[in-house]
Amino acid sequence: SAVISQKPSRDICQRGTSLTIQCQVDSQVTMMFWYRQQPGQSLTLIATANQGSEATYESGFVIDKFPISRPNLTFSTLTVSNMSPEDSSIYLCSANGGNQETQYFGPGTRLLVL
Amino acid sequence: GDSVTQMEGPVTLSEEACLTINCTYTATGYPSLFWYVQYPGEGLQLLLKATKADDKGSNKGFEATYRKETTSFHLEKGSVQVSDSAVYFCALSDKAAGNKLTFGGGTRVLVKP
Chain A
3 SAVISQKPSR DICQRGTSLT IQCQVDSQVT MMFWYRQQPG QSLTLIATAN
53 QGSEATYESG FVIDKFPISR PNLTFSTLTV SNMSPEDSSI YLCSANGGNQ
103 ETQYFGPGTR LLVL
Chain B
2 GDSVTQMEGP VTLSEEACLT INCTYTATGY PSLFWYVQYP GEGLQLLLKA
52 TKADDKGSNK GFEATYRKET TSFHLEKGSV QVSDSAVYFC ALSDKAAGNK
102 LTFGGGTRVL VKP
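One line per chain: the protein sequences are A and B, in this order.
Plus 2 on top of the position in the first sequence (first one is 1) and you've got my numbering.
Plus 1 on top of the position in the second sequence (first one is 1) and you've got my numbering.
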């Protein structure tokens, strides 16, 4: 398995500002993933982040709004840019375990935009 | 594309009742199937998984069997506890799609004493 931590755990932000969320994995992993969970909803994949290459974004998500960094095999960041109240969600990162079959999730970052 | 459909909640049960959450999937390849659980205020935890047809995943008294003929992966528990109150997500992972997870809509379960 993989143990994943995220910072911050929660934040309250003003509209128009940006927030960077950090994700740390306790082992080296090839692929990391970023999800959004809007209130009362399921998870939606934002992008897949591979070390050494640009992130691959899902339909409806763009790099200008959600820039992602992946500087090494244990760490990634997601920035939520120019925030609006519609960005209020839980943002979760995940990574595949050693057998690549199973994704393990961080505890999430609860974001409220006023 | 791949999709997962699970029964809508909320499901309200009394302690020691039986729980079944239905999950069906559509996939072009041969997916692995998962149940994740999200306790209030927390992230997702892997509950159980099955990687091929007829596999049974089990954990904490929960079970689910990978049924290829009915494209289903129903979650069951024979006797629920108050601590099982959570949101349960069915998901599939397709190697052909880079192991990306596709989630169902989630089912909220509330167990009353």
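In short, the hints are calculated from the structure, not lab data.
Heads up, some of the hints might be wrong.
Stated by the list, open to error - Pairs of lysine-lysine residues, derived as DSSO-like cross-links and limited to a Cα-Cα distance of at most 27 Å, are as follows: (1) B:Lys101 / A:Lys67; (2) B:Lys101 / B:Lys113; (3) B:Lys53 / A:Lys9; (4) B:Lys69 / B:Lys57; (5) B:Lys69 / B:Lys113; (6) B:Lys53 / B:Lys113.
Verification of the supplied hints:
Of the supplied pair hints, the one linking Lys101 (chain B) and Lys67 (chain A) holds, its CA atoms being roughly 21 Å apart against a limit of 27 Å. As the CA atoms of Lys101 (chain B) and Lys113 (chain B) are separated by approximately 35 Å, the hinted pair breaks the 27 Å bound. Of the pairs offered as hints, the one joining Lys53 (chain B) and Lys9 (chain A) is violated, with about 36 Å between alpha carbons and a cut-off of 27 Å exceeded. The suggested pairing of Lys69 (chain B) with Lys57 (chain B) holds, with an alpha-carbon distance near 12 Å, which does not exceed 27 Å.
The straight-line distance between the Cα atoms of Lys69 (chain B) and Lys113 (chain B) is roughly 34 Å, outside the 27 Å bound, and the hint therefore fails. With a C-alpha separation of about 35 Å, the suggested pair Lys53 (chain B) and Lys113 (chain B) falls outside the 27 Å cut-off, and the hint is violated.
Going through the hint list in order, the structure does not satisfy hints 2, 3, 5 and 6.
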